[in-house]
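**Q** Letter by letter, the chains look like this.
Protein chains: 2
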Amino acid sequence: MLQIALAQMRVVPGRPDRNAETMLRCIAEARAQNADLVIFPEMAIPGYLLGDTWEQTTFLEECEACGEEISAASMGLTVMFGNVAVDRAKKNNDGRVRKYNAFFTAQDGKLVAPDATPYPFVVKTLMPNYREFDDTRHFFSLQKLARELDVAAEDLISPVRFTVRGRTYSVGCLLCEDGWSDDYGLSPMEILCKKERPDFFVNISSSPYTLGKHAKRRRVFSLLAAESGSPLLYVNNVGIQNNGKTVYTFDGANAAYDARGVLRLSGEPYEETTQVFDLETLSDRKPAVIADEPESAHIFRALSYGVRLFLESIGMKRVVIGVSGGVDSAVAAALYARVLPPEDLLLVNMPSVYNSETTKGLARRLAENLGCRYVTIPIQSSVEHTIRQIEDAAIENLFDGAVDRLAVSSFAAENIQARDRSARVLAALAAAFGGGFTCNANKAETAVGYSTLYGDQSGFLSALADLWKYQVYDLARYLNETVYRREVIPQATIDIVPSAELSDAQDVDRGQGDPLRYPYHDYLFRSFIERWQKATPQDILEWYAAGTLEENIGCAPGLVAKYFPTPKDFIDDLERWWNQFSGLAVAKRIQAPPILAISRRAFGFDHREAQNGPYYTKKYKSLKATLLGAQQ
Amino acid sequence: MLQIALAQMRVVPGRPDRNAETMLRCIAEARAQNADLVIFPEMAIPGYLLGDTWEQTTFLEECEACGEEISAASMGLTVMFGNVAVDRAKKNNDGRVRKYNAFFTAQDGKLVAPDATPYPFVVKTLMPNYREFDDTRHFFSLQKLARELDVAAEDLISPVRFTVRGRTYSVGCLLCEDGWSDDYGLSPMEILCKKERPDFFVNISSSPYTLGKHAKRRRVFSLLAAESGSPLLYVNNVGIQNNGKTVYTFDGANAAYDARGVLRLSGEPYEETTQVFDLETLSDRKPAVIADEPESAHIFRALSYGVRLFLESIGMKRVVIGVSGGVDSAVAAALYARVLPPEDLLLVNMPSVYNSETTKGLARRLAENLGCRYVTIPIQSSVEHTIRQIEDAAIENLFDGAVDRLAVSSFAAENIQARDRSARVLAALAAAFGGGFTCNANKAETAVGYSTLYGDQSGFLSALADLWKYQVYDLARYLNETVYRREVIPQATIDIVPSAELSDAQDVDRGQGDPLRYPYHDYLFRSFIERWQKATPQDILEWYAAGTLEENIGCAPGLVAKYFPTPKDFIDDLERWWNQFSGLAVAKRIQAPPILAISRRAFGFDHREAQNGPYYTKKYKSLKATLLGAQQ
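Those protein sequence lines, which keep their order, are chains A and B.
At position 507 of the first sequence the residue is numbered 507 (my numbering), and the sequence of numbers has no breaks.
At position 38 of the second sequence the residue is numbered 1038 (my numbering), and the sequence of numbers has no breaks.
Calculated from the structure, these hints are not laboratory results.
Remember, it's a predicted structure, so these values are computed and weren't measured experimentally.
Positions of the beta carbon are idealized from the N, C-alpha and C atoms, including for glycine.
Treat the hints with care, since some could be wrong.
Here are the simulated lysine-lysine pairs, DSS-like style, with alpha carbons at most 30 Å apart [said to hold, decoys possible]:
#1 Lys-99/A with Lys-286/A
#2 Lys-1286/B with Lys-1360/B
#3 Lys-90/A with Lys-1195/B
#4 Lys-99/A with Lys-1562/B
#5 Lys-1568/B with Lys-1619/B
#6 Lys-1195/B with Lys-213/A
Calculated Cβ distances over 12 Å to all of chain A for the following chain B residues [to be verified]:
#7 Val-1012
#8 Glu-1487
#9 Asp-1509
#10 Arg-1517
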């Protein structure tokens, strides 16, 4: 009897005007479908990831005004939505005006207050303040409010009741984290159930996509619904939002679980969609089937959506990609070719004397396969000119009148090549083409700064920098086999040894390439970043000594012995990369482009870091001495 | 009778080993001076700004082990210090191991517990979570602990008591923010006083330097001491710490206020110093005199200290600075010349056809005045080569077989020059010289992205990017008049019109320069960033309409009428820069170098932002229509 519309709307962060328009349109559509209740996501009006925009008074007022518009539009039905709520009579702990992450319910043009809060809206109780989240920076929680009012949080957590055609429904209203209460010592759902089991729960969220989160969410919410014995409706937004350094996609994935926890309705990921259903007959529907797809399918969906919306959000219509013949740039090109028409995608190969005919050929073949635009711009003469200019320059010592000359080392010459490609050619070419150029770095390179600042570390977006090298390879195969269903990325590009081709020592035709051994280093670096408690050289060395390293970091067995015949080899490698990871690579990441996040820990605002240099604990040093002593 | 040593120690973030060593040395010195009590800053062992290093188990263990070393070293005296404390039996709200920002007291090798907390240390009660602070991301507050234990915070806030030569002292132990309780609805000092006035208060801090904070701190703490009627000892660290994007200096500024609130002892800013005094005779000392210095003196001290320690922390010994003849690069050069010996500082002028003889001459004169190294490397031929390469390149359309050519616009050519200077010449020159190159952007340019990415927006550190243009000018004069006491920065560099000299339209000899009118734009942009509630175009336009704009943003009266004859001129300018500030400039800041922070709101981790584009509220649009309508 109660017709409910779950609006999986696209929220544009920082655009209350556009979001309110979207909501008004959804309400009109829902009304046309005879919905009694329309539910929008958390922070549907302002968006969620806004940096410190929350400190603009006029922005807060605009959000409030848009909220009032939505409330006014609820004539003849009930609307639930997330918005920021402001109490000008009170302060946040930073001394600024009090702000809540709030859940509003409006019916017939008026707000419907929950049973027992001092406000006509529900206040978010649990505040995520980890990963990319900064909730406690901006919003006052219900727990703090309870303390301020000198009551228990339990006294304030209460259902919202509204009446439709004579029947009154009590709804347990939750905001995102309120449904993930394991670590807070307080469960809003339990508290609500203890008082009087609500007719149903509504969880409105603004929950960024992470690989695997979708499945976990289904497990958790299905269990919560079953335990409570009430249906649970989950409404999340689609779109992209960012924290500057880190760009998140939002997959929506709206869901309706019946009172036994069975998923009966599920929103297509990343689609703007409004699903209407009858609450009374929810459990009569067929269970929703979630396709079991390979990891690459999820990654491809998130990346292509993220890239498309990011381009749209910054108003960029054309893209230049430097293609080397290697796998990273090939995957980037194949990805962008699914997002842009061929005339707006320009691939450029920029050979020096160190680039092999093999890779030059592969770069061109890739462009032919994609049928986009292609150009070759050699860098050799410019690089030689730069080296000559530096070495010929007369450095005057104004303190003693002497004149010095400088020498360009071969390492410095490698970086000159990389910068010549990006900051000189790609940037100028992109400007002339009327677009931007991409950064094609993967997560392993980004982790240890195996890249040149203002060189291959530059670009307007790093679409692959949250993918380990093995995920880039998997994605390359997935693009050929499933997305394009033909070999757009030449097989030789997948098979060739990964190489920067910046010197004679990196000759792909002789099988010489990067110093990174991805099948091991992918997993080593992952343990530094993505592990629940981040691993350090001490952990690594303890696992190495105990023979449990491969198991602990998740790489294939046998690799450690294969790559590192002696403890010294192992330790040299470990220290080399730990020094890079905590040293120069941090400096590079500070100036790196935004990263499209897919993992459970992405560089940037998610994995926050200071430029403090590497640290080795006393236990590490002692174990190292033991292992090296044992060797001699 | 109680001899107290206040250790204004340098804390190296992320280096518990080095910090513990420093502390052991201080304890030995204090013991030699017959001190009974030695006090170290907050987080003296781990450092404070560490990003997510707090998630490394081994790092936490190392800090605990170092803490135990310090406790063990307290034989025969009492030591107070800040450290992280870990409770492995409990969780933080993110599910990770419980961590506290803790205040330890050790005497004769053993910890001295406060009267009434469940731990042998004091837990920080108030958690700053604004600006650059992320306390609640990592640490569990005493308020949360009280809630968990189902007691009032008042029940846990209690003094630490220790006995020296038969007399027992009760000490009110505070961690930094605990002394700044205005906005928290809970004052640890008041609570302590209500129970039983402590013999004295100790506030250990790790408080980053901000222009003006020093004076405010003296006002607040003097008042707190006087109100409580107990002496208050303030111990803060020196050194630098960073959050990646934003680098903070810590000026220490230790202080002892007597029971009437008179400042009796004050640590020299930025000095590593341990001051010993007798508590009983504290109020007999002469009041400490804090010199009244101009703003530039404070800025110079913070910047030169910050630059010196930043270079040291990243192991950089030599620096290259591109000097244009303009004031920003001249101030940067004069600043670095105070930090580095002349043979390690290389100034380089990189003229194109657009650079005047005037500015080329000024650049050289600056280098001569500083007596460092100097070189001229022209960019004209390289820039022409790049433009030719781009325009000559045959773009193959692989979808239709056609070949296209691109044109380089004059705007694109300006950016090519800027990138040629930085990413080609400066980066290669710095590598050959064995050092890094600086970014000389000021805060006004940084605010609106009046800079080129991978061009003048690059470098290893932006030492001036938290200074408005007027502060750069003031600093230029201060350097000449007070630091060098001679004209190292040529007066003509100060007098000349600011210009990027990237095109014919920017001819300094004809008085043509930047589109920024600093005397107004400095203050307009400051209102977007530094105002307590950030200003937006709506605020600006409302003030403009009310005739109160200059007063509200703090610029000189009369400027608005002078620069903008009509409302349309005013609005065009406002929208131009607001679009830049919230648009492309954000993208540039994401990839900008770390900024040395001095203001109350610096770009980076302090002023967090998302790349969401400009927003204009409905009220703004309506007021704009009114103003423009009125004009027609």
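**Q** Which numbered hints are broken by the structure, listed smallest first?
**A** Result: hints 1, 2, 4, 6, 7 break, sorted rising.
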